[in-house]
Amino acid sequence: MSDTRRSAKEKVDWVATAPDAAQFLMAIVDVAKRVDANLTERARIVAERDKEIARISAASQGLRDYLDRVFAERRELHQGFFARLDKAIEDRDPDTIRACVTGIVEVAKHSPLNDIVELRSVWADPDAVIEI
0 MSDTRRSAKE
10 KVDWVATAPD
20 AAQFLMAIVD
30 VAKRVDANLT
40 ERARIVAERD
50 KEIARISAAS
60 QGLRDYLDRV
70 FAERRELHQG
80 FFARLDKAIE
90 DRDPDTIRAC
100 VTGIVEVAKH
110 SPLNDIVELR
120 SVWADPDAVI
130 EI
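Under numbering that gives the first Met the number 0, think of the first position of the sequence shown as 0, with each following residue one higher.
Treat the hints as calculated values from the structure; they're not laboratory data. Worth double-checking, as some hints may not be accurate.
[Unchecked claim] Cut-off 20 Å, straight-line C-alpha distance, at most; resulting in silico cross-link-like pairs (DMTMM-like, lysine to aspartate or glutamate): (1) 32 with 72; (2) 86 with 75; (3) 108 with 67; (4) 50 with 126; (5) 108 with 124; (6) 50 with 124; (7) 108 with 51.
[Stated by the list, open to error] Computed spacing ranges between beta-carbons, pair by pair: (8) 39 with 117: 54 to 60 Å; (9) 126 with 31: 36 to 42 Å; (10) 70 with 32: 40 to 46 Å; (11) 39 with 126: 24 to 30 Å; (12) 27 with 58: 17 to 23 Å; (13) 41 with 121: 30 to 36 Å; (14) 125 with 31: 34 to 40 Å; (15) 110 with 38: 48 to 54 Å; (16) 21 with 56: 19 to 25 Å; (17) 86 with 60: 35 to 41 Å.
For each residue, glycine too, the CB sits at the ideal point set by N, CA and C.
Whenever a hint applies, use it, and build me the whole structure from the sequences.
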């Protein structure tokens, strides 16, 4: 085969494969777009996860702080009531005994855990501001 014919045949082959090359290039571009979209979605998921973990950690720490404070207050109340009750028993003072027992019962009636239901509704609102 002569050089002229070979050169012409190679050109025809290249021209015939140009649409295939364009299609191949478009496929590569589509794959790159999907990879980019997947990376963006993964980054969004990671950011949402980190945000939710931070929210849960803050709520958990807030709950611990609240319970520590409330139970410390209750401990002080109980110690005060029982100290006065012991003194009233020692002094045989029925009015003070009644008042101390009433106070102890009232403190026992109110559970700090009941307030958590109220706190849950506040924590459920992402725009809520909690002041301690």
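Q: Please name the hints from earlier in the document that this structure breaks, with their numbers sorted from lowest to highest.
A: 1, 5, 7, 8, 10, 12 and 16
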